[in-house]
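Chemist: Now for the letters of each chain:
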Amino acid sequence: MNAYRDQYAPVFKNGRNVVLIAISADVDTALASWARDADYPFLFASDTGSAVGKAYGAFKAQYKLDNRNLFVVGPDGKIAYRQTPFREIDPTAYTELSAAIAKLVPADTTAR
Amino acid sequence: MLATLLLAVAMQQPAAAEPQALAVGAVAPDFALPGATQYGTLKNPVRLSDYKGKTVVLAFFFKARTRG
Chain A
1428 MNAYRDQYAP VFKNGRNVVL IAISADVDTA LASWARDADY PFLFASDTGS
1478 AVGKAYGAFK AQYKLDNRNL FVVGPDGKIA YRQTPFREID PTAYTELSAA
1528 IAKLVPADTT AR
Chain B
8 MLATLLLAVA MQQPAAAEPQ ALAVGAVAPD FALPGATQYG TLKNPVRLSD
58 YKGKTVVLAF FFKARTRG
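Protein sequence lines correspond, in order, to chains A and B.
Going left to right, the first sequence walks through residues 1428 to 1539 as my numbering numbers them.
Going left to right, the second sequence walks through residues 8 to 75 as my numbering numbers them.
Derived from the structure by calculation, the hints contain no laboratory data.
Treat the numbers as computed from the prediction; the structure is a model and nothing was measured.
Incorrect hints may have been included.
[Stated by the list, open to error] Computed beta-carbon distance windows for the label pairs:
1) A:R1514 / B:P26: 12 to 22 Å
2) A:N1444 / B:V34: 29 to 39 Å
3) B:G60 / A:Q1489: 33 to 43 Å
4) A:D1464 / B:A33: 32 to 42 Å
5) A:G1476 / B:S56: 18 to 28 Å
6) A:D1466 / B:V31: 16 to 26 Å
7) B:N51 / A:T1519: 12 to 22 Å
8) B:A33 / A:D1466: 25 to 35 Å
9) B:F69 / A:D1466: 12 to 22 Å
10) B:A33 / A:R1463: 17 to 27 Å
Backbone N, C-alpha and C define an ideal beta-carbon position, used for all residues, glycine too.
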């Protein structure tokens, strides 16, 4: 999760027209306290029953936890890109993800 | 021919027990889940449909306070 935070500007465009939602089976209070301690600038969702993990095929029954699976949902509501599992220590994982997002999100032309 | 078909069906059984990750092009199922940010828990659930028209990255992970 630290990599998402550290690459929030280059990969996730600081949340401009891109919404990052990190999902796990943790309760919302545990996610909030972790987000506060680690200064995570994105959203978390608490999937305690793992229903969403199951719907997306990210749930690993053996461990009763979600695998590190990543899905990019386009503005049309369809899955535009996936990385299953997400290779969090592989730098090319972020390059690929960044390219997938850039294809969907028009370049930011507003001045900073 | 039939035997091959039956074998193929039989081999798909474990896959049914362990759902496969949704494919590119599939409609992303909507959800409503309790949400949280670094500022605390959210009053309203997080819904995928709230972000229609935007690009949403769903990052599933094992557990809070673990690496990755």
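Chemist: All the hints need checking, so say for each whether the structure fits it.
Modeler: Outcome of the hint check:
1. A:R1514 / B:P26: 12 to 22 Å: Once the Cβ atoms are compared, 21 Å apart, the range 12 to 22 Å for P26 of chain B and R1514 of chain A holds.
2. A:N1444 / B:V34: 29 to 39 Å: Once the Cβ atoms are compared, 20 Å apart, the range 29 to 39 Å for V34 of chain B and N1444 of chain A is violated.
3. B:G60 / A:Q1489: 33 to 43 Å: Check passed, 37 Å falls within 33 to 43 Å.
4. A:D1464 / B:A33: 32 to 42 Å: Cβ of D1464 of chain A to Cβ of A33 of chain B: about 35 Å, so the range 32 to 42 Å holds.
5. A:G1476 / B:S56: 18 to 28 Å: 19 Å, holds
6. A:D1466 / B:V31: 16 to 26 Å: 32 Å, violated
7. B:N51 / A:T1519: 12 to 22 Å: 37 Å, violated
8. B:A33 / A:D1466: 25 to 35 Å: 34 Å, holds
9. B:F69 / A:D1466: 12 to 22 Å: 20 Å, holds
10. B:A33 / A:R1463: 17 to 27 Å: 34 Å, violated
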